[in-house]
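Q: Can you build the whole structure from these sequences, using the hints too?
Reminder that position 111 of the sequence shown reads as 143 in the numbering used here, one-by-one numbering, no gaps.
Hints in this document: simulated from the structure, not taken from any laboratory.
From the three backbone atoms N, C-alpha and C, an ideal C-beta is built for every residue, glycine too.
Fair warning: there could be bad hints in the mix.
To be verified - Simulated restraints, written as ranges between beta carbons of each label pair:
no. : residue 1 : residue 2 : range
1   : GLY174    : ARG133    : 24 to 30 Å
2   : MET241    : THR119    : 28 to 34 Å
3   : LEU156    : PHE131    : 37 to 43 Å
4   : MET241    : ARG162    : 17 to 23 Å
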Amino acid sequence: MNDFFTLLSPALFAFAFAVTLLGGFVKGAVGFAMPLVMISGMGILIEPELVVAGIILPILVSNGLQVARAGLGKARDAVSEHWRYITLVCVMIMISAQFLRSIPTDTMFVVLGVPVVVLCAVQLAGWRPRIGPAMRRPFEIGAGLLSGTLGGLAGTWGPPTVLYLLALNTPRDRQMAIQGVIYGLGSVMLFLGHLRSGVLNGQTLPLSMALLAPALLGMWLGFKLGDRFDQDRFRRVTLWVLVIAGVNLIRRGMMG
Numbered sequence: 033m034n035d036f037f038t039l040l041s042p043a044l045f046a047f048a049f050a051v052t053l054l055g056g057f058v059k060g061a062v063g064f065a066m067p068l069v070m071i072s073g074m075g076i077l078i079e080p081e082l083v084v085a086g087i088i089l090p091i092l093v094s095n096g097l098q099v100a101r102a103g104l105g106k107a108r109d110a111v112s113e114h115w116r117y118i119t120l121v122c123v124m125i126m127i128s129a130q131f132l133r134s135i136p137t138d139t140m141f142v143v144l145g146v147p148v149v150v151l152c153a154v155q156l157a158g159w160r161p162r163i164g165p166a167m168r169r170p171f172e173i174g175a176g177l178l179s180g181t182l183g184g185l186a187g188t189w190g191p192p193t194v195l196y197l198l199a200l201n202t203p204r205d206r207q208m209a210i211q212g213v214i215y216g217l218g219s220v221m222l223f224l225g226h227l228r229s230g231v232l233n234g235q236t237l238p239l240s241m242a243l244l245a246p247a248l249l250g251m252w253l254g255f256k257l258g259d260r261f262d263q264d265r266f267r268r269v270t271l272w273v274l275v276i277a278g279v280n281l282i283r284r285g286m287m288g
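A: Shown next as structure tokens:
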């Protein structure tokens, strides 16, 4: 336990626990944004590399549960249709993860903050890209490279994936199955990539393991309580809070 608190004081761990509980609740209630909540929230007080290490196992386990709920049959169909995108996301997560430790701390705050702000603002604006059949393959390649790079550096390949599927006019039920596969395989690559990069190590792994409990408890509460309030309003409020938190991360990076 003493070794554990060499990374975070008890007060900071309690803060990380509370942020993760909130992230799990949001994911359970409206089905998105746990990594964004954890990154933008924990990044207020905790160093970026430690934030990325902390989110890895909660992302891996929660996405595994999502894949299991979707069913293996739908998963196979998703892989056969979107194998290029899935492959690029997985490869780029592994590659970009290796560069995280070489990025200066101030720059890393910006790397974490910019995707949060941009991706949440896009969702708030309701922008839905449209891609015709002729441009599908170039778009698929470009989107896969971008999503995987963001995934390896900041753990956030979910929102770009949603935009990719919206651009292809994917039906909602099929979209959820595809997202489960991409999130599940991507989280495995994030885990492996940061084992290799050294971000997830003997010191940081216990933190990530400890944050599993609030993540899963939050998801359970979100499943139970999510239908008791206006989900669209809750979703928009969450996105606005994330925008503000993301701007604060950028401020920290710019001001040093």
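Q: Hint says 17 to 23 Å; check whether the CB-CB distance for MET241 and ARG162 agrees.
A: About 42 Å separates the Cβ atoms of MET241 and ARG162, which means 17 to 23 Å is violated.
Q: Given the range 24 to 30 Å, decide if the beta-carbon distance of GLY174 to ARG133 lies inside it.
A: 27 Å, holds
Q: Look at the Cβ atoms of MET241 and THR119 and judge whether their distance stays inside 28 to 34 Å.
A: Once the Cβ atoms are compared, 29 Å apart, the range 28 to 34 Å for THR119 and MET241 holds.
Q: Should the hint that LEU156 and PHE131 are 37 to 43 Å apart at their CB atoms be regarded as holding?
A: 30 Å, violated
Comparing the model with each numbered hint stated earlier shows that hints 3 and 4 do not hold.
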